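Please arrange chain C on chain U, whose structure you already have, making use of the hints.
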Amino acid sequence: MLTKRIIACLDVDAGRVVKGVKFQNLRDAGDPPELAHAHSESGADEIVLLDISAAHQRRATLLDTVRRTAKQLFIPFTVGGGIRKLEEAAAVFSAGADKISINSAAIENPSLITQVAERFGSQAVVIAIDAKRCPRNGAWEAFIQGGRMATNRAAVEWAREAESRGAGEILLTSMDHDGTATGFDCELTKAVSEAVRIPVIASGGAGSAAHFTEVFRQGHADAALAASIFHFGFHRISDLKQKLAADGIPMRWPC
Amino acid sequence: MIAIVDYGAGNLTSVKKALDWLGQSSVITADPVAVERAAKIILPGVGHFAATASLAKLGLQDAIQQAIGCSIPFLGICVGMQWMFEGSAESPETPALSLLPGSCERFPSHVKSPHVGWNQIQISDSSRLFLGLESSFVYFTHSFCAPVNEATIACCEYGGAFSAAVERDHAFGVQFHPEKSGEFGLKLLRNFCEL
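Read top to bottom, the protein sequences are chains U and C.
Per our numbering, the first sequence starts with residue 1, numbered consecutively.
Per our numbering, the second sequence starts with residue 1001, numbered consecutively.
So that you can see chain U by itself, here it is in the shape it has in the complex (with noise of 0.2 angstroms):
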C-alpha cells in the first residue's frame, strides 16, 4: 500500500537553518545538510528546503547550500525559494534537487510550470500555495510574496490549473494556521485533495502526532510537511511514525 509521508522542511537563510514565528524572530536551527542526513536518519520520507534569504543574497549561497545538502541525501529532496526562471530552475536541479517548489513565479507567469514540467518531468514539479479563508466569502485564497501579497485567486481554482499546466504536486500551506501548532487546516487540505488527481502535501499547524492523523483521515491529504516541531526535537520523526503506524495510518515504518 501506498504509505503516507512525513516531510521534513528546512527554511534557509543565508545558508543557515532558521525558524521563526512568521518570519519574526529567526532561531539558528543548524546547518542544512547535517539536518537533512538527520531526518533522513530518523525516518523522513522526503526533504523540503526552502529558501527565505532576501532576494539579493540568494543566489550565492543556495545553490552551494543543495550541493552540499544533496551529496549525502538518498531520500527525495525538493528546493523552493525565490525559483523565477527554467535557467534557475535548471541550475537547482544540477545541483541536485529532485523537485522545485514554485509559488509567487508561477502565480504570475503560469506557463513556467509547463516548461518546467516538460524539461524535467511533472515528478520534479512542486507548486507550492499559500492559502488564507477570505472573511468576506470563506473562500481560501492565494496569496504570494511570502503571504505578503493577495492575488485574488481561490486557492482551490489555481491548484486545479496547476495541475493541467503540469504540475506533479501540490504543496499547500494554510496562513490561517501556519505556526499556531493546533493542527493543520484539515477543510483546506480536503478541498483542494478533492479538486485534483495529483497528490497534495499539507503544511502549516502541526503541533502533534494526532494532527497528523487528522490531516491524512479527514483531509485526504498524500503527505504532511513540518518543520519546526522536528528541528528542535519535540517530535523525533520515528517516535511520530511509530504512533502514527499503531494509529493504522500506512506508514514507512520501520525503515
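Every clue listed holds true.
Within a straight-line C-alpha distance of at most 20 angstroms, the following computed PhoX-like cross-link-like pairs (lysine-lysine) qualify:
{"hint": "1", "chain 1": "C", "residue 1": "K1187", "chain 2": "C", "residue 2": "K1040"}
{"hint": "2", "chain 1": "C", "residue 1": "K1017", "chain 2": "C", "residue 2": "K1187"}
{"hint": "3", "chain 1": "U", "residue 1": "K71", "chain 2": "C", "residue 2": "K1017"}
{"hint": "4", "chain 1": "C", "residue 1": "K1112", "chain 2": "U", "residue 2": "K190"}
{"hint": "5", "chain 1": "C", "residue 1": "K1016", "chain 2": "C", "residue 2": "K1040"}
{"hint": "6", "chain 1": "U", "residue 1": "K132", "chain 2": "U", "residue 2": "K190"}
{"hint": "7", "chain 1": "C", "residue 1": "K1016", "chain 2": "C", "residue 2": "K1187"}
{"hint": "8", "chain 1": "U", "residue 1": "K71", "chain 2": "C", "residue 2": "K1016"}
{"hint": "9", "chain 1": "C", "residue 1": "K1040", "chain 2": "C", "residue 2": "K1017"}
{"hint": "10", "chain 1": "U", "residue 1": "K71", "chain 2": "C", "residue 2": "K1187"}
It is worth saying that the hints were derived from the structure and are not from the lab.
As the structure is a prediction and not an experimental result, all values here were calculated from the model.
Showing chain C alone in chain U's frame:
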C-alpha cells in the same frame, strides 16, 4: 567504468551521486562508443516516455542492444525500465527496446496519478539484484506502469499489481528510484555494481 546514459531527459545527477557515494566510478555520457565499451550500463529516466526516442536518434539504442547481447550488465530505472518493454501508452508511436513482452499502461482512474511516494514491493524471485535484501519500501514517481510477466522479480500494488523490478539474463529494470530509496536503494545499486 559504469556508463550512465544521457539522452537529454530528466535529472541524471542523483544516480551519479549515489554511485559516487558507493565509491563506484561512473561517467554520464551520450556517446554510443563509450556506452558500448562500458563495464556496466545504467539507463535512468524520469519524465515523458517520448524522450526515449532520442536513444535511437543518438545511436544509443544500438549501443545498448549490442552491449546487452554481449552480456554487459544493464539497469533501466523508471522510464528506463519501461523502455525495456514493447512501448508505452504514454507515447504509442515511440519505439522501445522490446526486450520484454507487453507494454506500459496508465494507472486506472480510481487511484490518484501520478503514483508518488513510498510503496512496498514484494520480492517474488530471488535475484542477484536483491542479494541480502528483503521486501521493503521504495520510492516511486510515475503515471504509467509495466505489466507483471515472467521477467518480474518484484511486484507492487497500486490500483492493481504492476512490475516493480524485472530481470532477463544480465538486463535488469526497476520502476522505483533506488537512488532515492534510502539504504535499500543504495544496497541494490551496490549489488548491481558488483555483478
